[in-house]
Structure formats: C-alpha cells, structure tokens
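Protein sequence lines, in the order shown, are assigned to chains A and B.
Following this note's numbering, the numbering of the first sequence begins with 1 at its first residue and continues without gaps.
Following this note's numbering, the numbering of the second sequence begins with 1 at its first residue and continues without gaps.
Bear in mind the hints are in silico, worked out from the structure with no lab data behind them.
Treat the hints loosely; a few may be bogus.
Which copy is meant is left open, because identical chains are indistinguishable; a pair holds if it fits in one copy or across any two.
Below, simulated DSSO-like cross-link-like pairs (lysine-lysine); rule was C-alpha separation at most 30 Å, straight line [claimed, not checked]:
#1 244 x 357
#2 329 x 104
#3 104 x 64
#4 104 x 47
#5 85 x 113
Protein chains: 2
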Amino acid sequence: MLLMTPLDINGMRLANRLVLTAMVTRLSGEDGLVNDDIRERYLRFAKGEVGLIVVEAMAVHSAKSGPLLRLSEDRFVPGLRDLAKAVHDSSPSKIVPQIIHFLKVARSGWRQKITDLSRDDIRLIVAQYAEAAGRARECGFDGVELHMAHAYTQSSFLSRLNLRKDEYGGPLENRMRLMGETVLAVRARIGRDFPLGVRFDAEECVKGGYTVVESREMALRMAQLGVDYVSLSAGGKFEDAVHKPGEPLYPYTGYSGDRCMPSAQYPDGANLYMAEGVKRHLVERGFATPVVATGKIGTSALAEEVLQGGQADLIGMARALLADPDMPKKIREGRERAVVRCVYGNVCKNLDENFRKVTCFLWPKGRLQAPESADREPPRWPEGGAQLVAEPAHGRVTLRWRAASDNEEVYGYEVFRAEGEGTFAHLATSRGAMTSLIDASVVGGRAYRYRLVAFDLGGNRSVQSDVAACAVPMAVAMAP
Amino acid sequence: MLLMTPLDINGMRLANRLVLTAMVTRLSGEDGLVNDDIRERYLRFAKGEVGLIVVEAMAVHSAKSGPLLRLSEDRFVPGLRDLAKAVHDSSPSKIVPQIIHFLKVARSGWRQKITDLSRDDIRLIVAQYAEAAGRARECGFDGVELHMAHAYTQSSFLSRLNLRKDEYGGPLENRMRLMGETVLAVRARIGRDFPLGVRFDAEECVKGGYTVVESREMALRMAQLGVDYVSLSAGGKFEDAVHKPGEPLYPYTGYSGDRCMPSAQYPDGANLYMAEGVKRHLVERGFATPVVATGKIGTSALAEEVLQGGQADLIGMARALLADPDMPKKIREGRERAVVRCVYGNVCKNLDENFRKVTCFLWPKGRLQAPESADREPPRWPEGGAQLVAEPAHGRVTLRWRAASDNEEVYGYEVFRAEGEGTFAHLATSRGAMTSLIDASVVGGRAYRYRLVAFDLGGNRSVQSDVAACAVPMAVAMAP
Numbered sequence: 001m002l003l004m005t006p007l008d009i010n011g012m013r014l015a016n017r018l019v020l021t022a023m024v025t026r027l028s029g030e031d032g033l034v035n036d037d038i039r040e041r042y043l044r045f046a047k048g049e050v051g052l053i054v055v056e057a058m059a060v061h062s063a064k065s066g067p068l069l070r071l072s073e074d075r076f077v078p079g080l081r082d083l084a085k086a087v088h089d090s091s092p093s094k095i096v097p098q099i100i101h102f103l104k105v106a107r108s109g110w111r112q113k114i115t116d117l118s119r120d121d122i123r124l125i126v127a128q129y130a131e132a133a134g135r136a137r138e139c140g141f142d143g144v145e146l147h148m149a150h151a152y153t154q155s156s157f158l159s160r161l162n163l164r165k166d167e168y169g170g171p172l173e174n175r176m177r178l179m180g181e182t183v184l185a186v187r188a189r190i191g192r193d194f195p196l197g198v199r200f201d202a203e204e205c206v207k208g209g210y211t212v213v214e215s216r217e218m219a220l221r222m223a224q225l226g227v228d229y230v231s232l233s234a235g236g237k238f239e240d241a242v243h244k245p246g247e248p249l250y251p252y253t254g255y256s257g258d259r260c261m262p263s264a265q266y267p268d269g270a271n272l273y274m275a276e277g278v279k280r281h282l283v284e285r286g287f288a289t290p291v292v293a294t295g296k297i298g299t300s301a302l303a304e305e306v307l308q309g310g311q312a313d314l315i316g317m318a319r320a321l322l323a324d325p326d327m328p329k330k331i332r333e334g335r336e337r338a339v340v341r342c343v344y345g346n347v348c349k350n351l352d353e354n355f356r357k358v359t360c361f362l363w364p365k366g367r368l369q370a371p372e373s374a375d376r377e378p379p380r381w382p383e384g385g386a387q388l389v390a391e392p393a394h395g396r397v398t399l400r401w402r403a404a405s406d407n408e409e410v411y412g413y414e415v416f417r418a419e420g421e422g423t424f425a426h427l428a429t430s431r432g433a434m435t436s437l438i439d440a441s442v443v444g445g446r447a448y449r450y451r452l453v454a455f456d457l458g459g460n461r462s463v464q465s466d467v468a469a470c471a472v473p474m475a476v477a478m479a480p
Numbered sequence: 001m002l003l004m005t006p007l008d009i010n011g012m013r014l015a016n017r018l019v020l021t022a023m024v025t026r027l028s029g030e031d032g033l034v035n036d037d038i039r040e041r042y043l044r045f046a047k048g049e050v051g052l053i054v055v056e057a058m059a060v061h062s063a064k065s066g067p068l069l070r071l072s073e074d075r076f077v078p079g080l081r082d083l084a085k086a087v088h089d090s091s092p093s094k095i096v097p098q099i100i101h102f103l104k105v106a107r108s109g110w111r112q113k114i115t116d117l118s119r120d121d122i123r124l125i126v127a128q129y130a131e132a133a134g135r136a137r138e139c140g141f142d143g144v145e146l147h148m149a150h151a152y153t154q155s156s157f158l159s160r161l162n163l164r165k166d167e168y169g170g171p172l173e174n175r176m177r178l179m180g181e182t183v184l185a186v187r188a189r190i191g192r193d194f195p196l197g198v199r200f201d202a203e204e205c206v207k208g209g210y211t212v213v214e215s216r217e218m219a220l221r222m223a224q225l226g227v228d229y230v231s232l233s234a235g236g237k238f239e240d241a242v243h244k245p246g247e248p249l250y251p252y253t254g255y256s257g258d259r260c261m262p263s264a265q266y267p268d269g270a271n272l273y274m275a276e277g278v279k280r281h282l283v284e285r286g287f288a289t290p291v292v293a294t295g296k297i298g299t300s301a302l303a304e305e306v307l308q309g310g311q312a313d314l315i316g317m318a319r320a321l322l323a324d325p326d327m328p329k330k331i332r333e334g335r336e337r338a339v340v341r342c343v344y345g346n347v348c349k350n351l352d353e354n355f356r357k358v359t360c361f362l363w364p365k366g367r368l369q370a371p372e373s374a375d376r377e378p379p380r381w382p383e384g385g386a387q388l389v390a391e392p393a394h395g396r397v398t399l400r401w402r403a404a405s406d407n408e409e410v411y412g413y414e415v416f417r418a419e420g421e422g423t424f425a426h427l428a429t430s431r432g433a434m435t436s437l438i439d440a441s442v443v444g445g446r447a448y449r450y451r452l453v454a455f456d457l458g459g460n461r462s463v464q465s466d467v468a469a470c471a472v473p474m475a476v477a478m479a480p
C-alpha cells in the first residue's frame, strides 16, 4: 500500500503518506504558550503515527487574538521545543508548525484589509515570517509550513479579490509577489536543508475568486522557488463569512467554509479535482514537488486510490484524525476495521465557529482528548441481541436498539445500511450513550436493511447485530 | 462524431446532441407576448441547426414581473404557435418552451418564500404547470421543459434550505414531493407521447445547499416518474444574491451565479463532475434517461469527449451559441474553424443582471441579433501586415496591431498564444473595432508568442498575422 510507504521531503522522512493538516484547537491560552492540553493533543496524534503533524497556526506577529499559539518572539521557543522533542521521543511522526500572519478583525464587523497595508507593513510581514521560520528551526521542528490559505494576509494577496493598486495587486504575477518575497526570505533564514511547505487555497470558492486556473500557477511558482511541498485547501474566506453580532467576523462560516471542510452532504474527496489539476500542471512542467490533497478523504481505500492515481503525493486529514488519531497506526497494523470513522457532521467545525474548544462529537462526553485503551475485549450485546428496529416515517427512518455493554466503556455504534439486496456499507456512527439514530438520507420506493456493531475505547468491535429491514414509501409515485 | 448523431427523446428526434439551454433575453415586453425581437432571436438559433432549442423561461402564472414570456393563459398560444411553426418551417431544430413558476420579489429586498405558501397555493402551482404544459402542446412545440433550477419555486422546494415543516419540507423525500406531483400532473395533461424534460440544479453552490449526493437521487426519481430528459444546471440562487438598492433581488449575482455560468476564470467544463455523478447513478439503476450537461463547454472537442466518456448524452450551451448560433451548422459542415468562439467574459450575464437586453459582447456594436453573411471573402491585413506588438508591463502583456479590412465588415480578431516553443492555442477574441488587447493571464518567467487572425461576418478567417514575442519577468525570482 503506497499510503504506508515513506516519503522523503528535503531530508524529512515521513513514515507514511498521511498528514495531519493544521486545525484550530482553541486549547491554547491567550498567552500564546504551549500548555498541557495542546501538548496532550499533539502527543496523542504522534502516538497514532501519522506521517506528518502540522501544528495549528501560530502567529508570526503579536497582534491581539483569541487563544492562539505564537512564534513571534524567542520566549515562545522553549515550550514548542519541548513539544517537538516529546513528539520525536515517542513517535516516528515528524512535526512542523504552521506559521500565520493575519489582519485585525473587530467585534463590530470591521476588519483590516490588505489595501490598508503600507510597503513598510509588507516588509515587516516578510521579516516576521522569516524570523518565525528561523525560530521553528531552533525549536527542533522538522520543517515549517507557511499559512497562505483561507482568509488570512498571504491568501488575501494571492486572491483575485486583492484590490491593491500597486505592484502587489492586480494581475496574478503581482498577487504572487508577497508569496515570493516571503518564501525567499524564509528560505534565506532557514537554509536550503530545512523543509519548507506552503498551504494555500486551490480554489477560493467565493464570488470572483480564483480557481485551479490560477492556483496551478501559484503552485508552480512555489515549486520554482524551492518550496518542498504544497498543501491544498479551499475556501474559508472572509468575503462570504456570516457575521455573528458581538463576535469578530469569522471565516469558514459561509459557503466557502462548507467547501473548506466538506460535510457529509458532499461526496467523498469533494475537492480532489483541484489537487489533480495542480499536480498535473507541476508534473507537466517537470516538478516532482509533493502535493497534499485534502477535503473529506477519510478512508485508506480512497487515500490509496488518490495516491495510485497520481492526483497527489500525500493525504491530508484533519477531522478524520481528530475522530481517531490512531488511524495511521491501525492501518499499519492491518486493523483499519478498528478505526473510529469521522462522520463529517462538522460538530468540530461548529465548536470552532462558536469559539469553543475543539473536540470530536464521537468522543465520550466531556473528554478533551481522543480516548484510548489497550483493552482487547469487545463489547457484547445483551441477552437476546440488539433488537434493532427501523421505522420509516415522514421521509426518514428512525433506528432504535438495545445498548451493548463492555468491560470498560462502549464508545459508539457503527450503523451499516444496505439497499435492497445490496451489500452493507457504513452509514453513520453514534456515540456510546445514544441508542437511536435518524437516517434522513433515505429515498422513497426503496427497501433498506440496517445492522450495527458496537465498539469500545480500544476500537474492539462487537459481533454484528441482527438486521432490521424496512421499506420507505415514495411521497409521490406513478400509478402502477 | 457522436456530437453530430441524432438522438430520439420520446419520439422527438434531435438532429444532433447540442441543446440551446434556456437563457434570459429580456427581449420580450411586459405583455408576455412573442414579439419580433424574440422571434428573430430564436429563428437565428434555428438557422444554426442546434438540435434542441429551449425557449427562455415563460411563466405558468400571471405574477407581475419584468419582461417575460407567458404561457399562463390561452391568449399566449397564438404567438408561440407561430414561433414554433416558423422554427419547424426553416430548420431541423426541435423547440420546447421552459415553463416556470416564481415567487414575488420586491425592490425593498423582501421576497416571498416557499414557507409562505399554503397547501392551496401549492395545488395551484401544480395545476398551473399542467395547464401551461398542455398549452405548450397546443402551440405545436416538440415537448416541454419544467424549470426546477436556480432560485425559483420548484428549486426552492428541492433545496436543502427548504424550511417547510410539513410534508413538503425536511428530508429529501418530502422535498421531492412537489416535483413529483408536478411531473405527474403535467404528464397526465400532455399524455405519454409528448417529450417532457426537467432542468434542475445538480449542485446548489450555497451554504448548506445540496450536492450531487442528493441531486443524483432527484434525477433518478425524475427518471422513475417518466421524465424524458434531465438537464443539469448549478447554483443561481437567491441565498447569496447581492442586493442592488432600488432593484429587486436578482439571483446569479452571487457566487452561486458564478458557478451557474462559469467565467473564463473557470476551467472548461467546470461542472462536468456533476453530470458524471448523476449519469452514473442513473445508469447503475438501469435508466437510460438522457442527461444534458452544461457549464462552459464551448468546443466540439470537449463536447465529444463528454459524450464519448458517457458523462452525458447531450451538451447544453447558452453563451457559446449566443456568440455564434451557427456553431452546430458549421461543425456539421466541417467549418468549426469559422465559429466565433465565446470568450466567457460574461458580458451577457452582466447585461441580464442589470436588467438590459441580452446580447453578445462580440457582436458588432448596437446589434440585437448575431450577425450573418453569405460572403466568402476573408479579411485582409494592410500592406506590411498586422505589425503585432506585445509589450509586457506590470504583470500583463498589452497587444496592439493594425486593423484588417474586409469587403463587408471585420467582425473580430482571434488572439492565439504559445508558451515558449509550445503550440498556439486560442486565448481571446476582440471585437472588430478593437485593435488592442490586454493579456492578464500571463505568468512571470515565461516567454510568450502571439499571433492573430481577423474574421468577418461570414466567419471567414484572414491569413495569420506575423508573430510577436515577449518575455514576462518574474515579480520575485530566486538568485541564479
């Protein structure tokens, strides 16, 4: 399996092709220092053996903000150095910080724009990226990733909505100027042999925004400038963000946020066509620069297909690894069946949007970190089985079942569904305490069969439950 | 070429696989009657031999609106009957009207919502569709297409943003109820042997909207209900429309409007993945219902690729046929080189958004219809040639040339570009009076070559101009 083969990125040897892409945790304090919760969060990922951990965005400057890590001064180095060391001491995972510059946003809805920046401001941003990247190296990180995606300063320069009238705005070449200056300044500071990645939007997903037509050129320019990998995101912009009165405007709250973190309503790998377009362009121009594809890629099967098809070189996951940090390790051990699968319900995204600590809906209630257990004893159904029932009504099917029990704790139930005489496929997962689920994705005129497995904190699966069947009537049907 | 082979749709034999999808013209009056401009517009398309003409949306009800055709009363039949007859008398093209129901919008920004509709209102809508479809048959049209796309009533029921609390809202099955009732009522009125198509969104492209995950089920339901073809659009919603003070809220003005009519900034065939997803689902379920794919498909090469690849059965074009209604005929005659190519600059879209008559930017200034000529004499460059120059500055290349002359009228200039030693490809087209063009799509660090051909109203091409070459500097480059 290509997914589990190593990849060398400018001397940084990743044990597998899985990348934890940077994800807001809201676990840090306002002081910008690494705290126990942050430390525990990333050590948990390291334990799961993901090839590369990209630590959540940390500021290159000292602008006020909510909870956010910082790399803007030397005093932030020791905590991050300890984190990097702890990861290296306990895991084959490599770890890089994502470094970010952002502009000011006010609770009134006002926000600073890139048109407000003077040339001196721009020069300072370049210097701040270089300084922070230098600190990343001092921290003992394996490389550094520049945040040039979503609603933030660098991305706003790359954007087709960049309205600057000077040599930093207008045509693509000008919009790429700050990116180029930043990459060169960072490289000059960190040296040739320190891995440097860039994460940016392959498509803006806002009115008038750019698409792969331009982002493939941006990726090419990055490759020409010696960037060691490009990591593709999409959307997450301010332009369509929904303002919540009394709160600062927050990206990811509009349609471009939907496209940034595609929910269950989106097909798997919804943004893969972007990675394909970028990767092909690089290959055609003779660049082997690794590309990280992201966007609802949640299984090793899809990940492997992407890699085999040459659409990307690395698979980025955030929500799927939040749901189960041990996924890489379980895949390596041939135990993918024990993976707790992300259901893409975006509870994590909503927590973030509401400025709350980011956890996974599937985790046992109240936990701040993903559970783990070395136990190998699976949950058991009660005497007489799960007694699963499936009741169709009002265009939905309600499932109910009897709770399983476990020597430790029932973590959740996986629901599988088959249509007619078809095969069962994973449909949804409920948290351990919940013994009912509404399937709102049924279609009238079809017969469905359901069954469950219960799983515990160790990922051990119960035997399959009995099967419940039902037929969903069509709201409107032709006369026979 | 599959594109030029006939297709039978419930007895309606299309001469080729090209469909003129319904497009606002704003040529009609407020009286809802066919006038000379409308007549001329569609006869022009008929002359070009497009397989199927879908006439712009006409209302099934008598709600107030700007210029809009109507099919809500018998008095609208004679004008439309004349139009259908005139098309049939002069062309192999088939012609169907698109029929629409829409809710009220006010200049204040207020708009009626589907949650405001009572059951009686809904029953009336179903009846109005059936009556209008019946009239379509009386008019002598070859079939009828139900508008269930974009921001209008039927689409708002299908939408995931449908907030009705009754059996017409909530889960997919309920949201498909009105569509089902409408299709059955229309079928009962028109009979089994009259072709019935539905146009709807394959993806809503707004926050929380549906994707192919649901639209493939909608298409399947339509097929099950005996719909004879499905025509796929995307976006065009009210939810992200930009309100222009003093004007009624107009869809297509937000991001979902961009995705509905992808501009030059989008890759060709930007929405094809949607058609592919829908078509595959139908085929897997045993339905051969023809699918019309749309969205920046502008050449026979791409169209043929889509058909050969089985992603769709018919190719819908609006802007490309507006630019040159004779495209189908020219392809049939092996003269595709004489096609005036759409540049996807969306001037037509902007005219519509500004409530002005819709014409093509490329047409000679002041014309209300696409030009034509039987002349076969090509334009000629002046003594000494075009003397094309290409000057790079500020991340753009400005092209200037000397005007060609023609015995009738120079229609425009096609600009071709090659990168480095590569081959020339069509880049842009300028209108006849314009002898300069700015290429804002260049990338620094590359050498470009340009050349032109002039073309006249008959589509005759001049000899190629001389070649102008230039190199565009990188804004920021690595030290050598």
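Status of each hint after checking the structure:
1. 244 x 357: within (18 Å within a copy, 39 Å between copies)
2. 329 x 104: Classified as neither: same-chain Cα gap 40 Å, cross-chain 57 Å, threshold 30 Å.
3. 104 x 64: within (8 Å within a copy, 46 Å between copies)
4. 104 x 47: neither (36 Å within a copy, 58 Å between copies)
5. 85 x 113: Answer is neither: 38 Å inside a copy and 58 Å across each miss the 30 Å cutoff.
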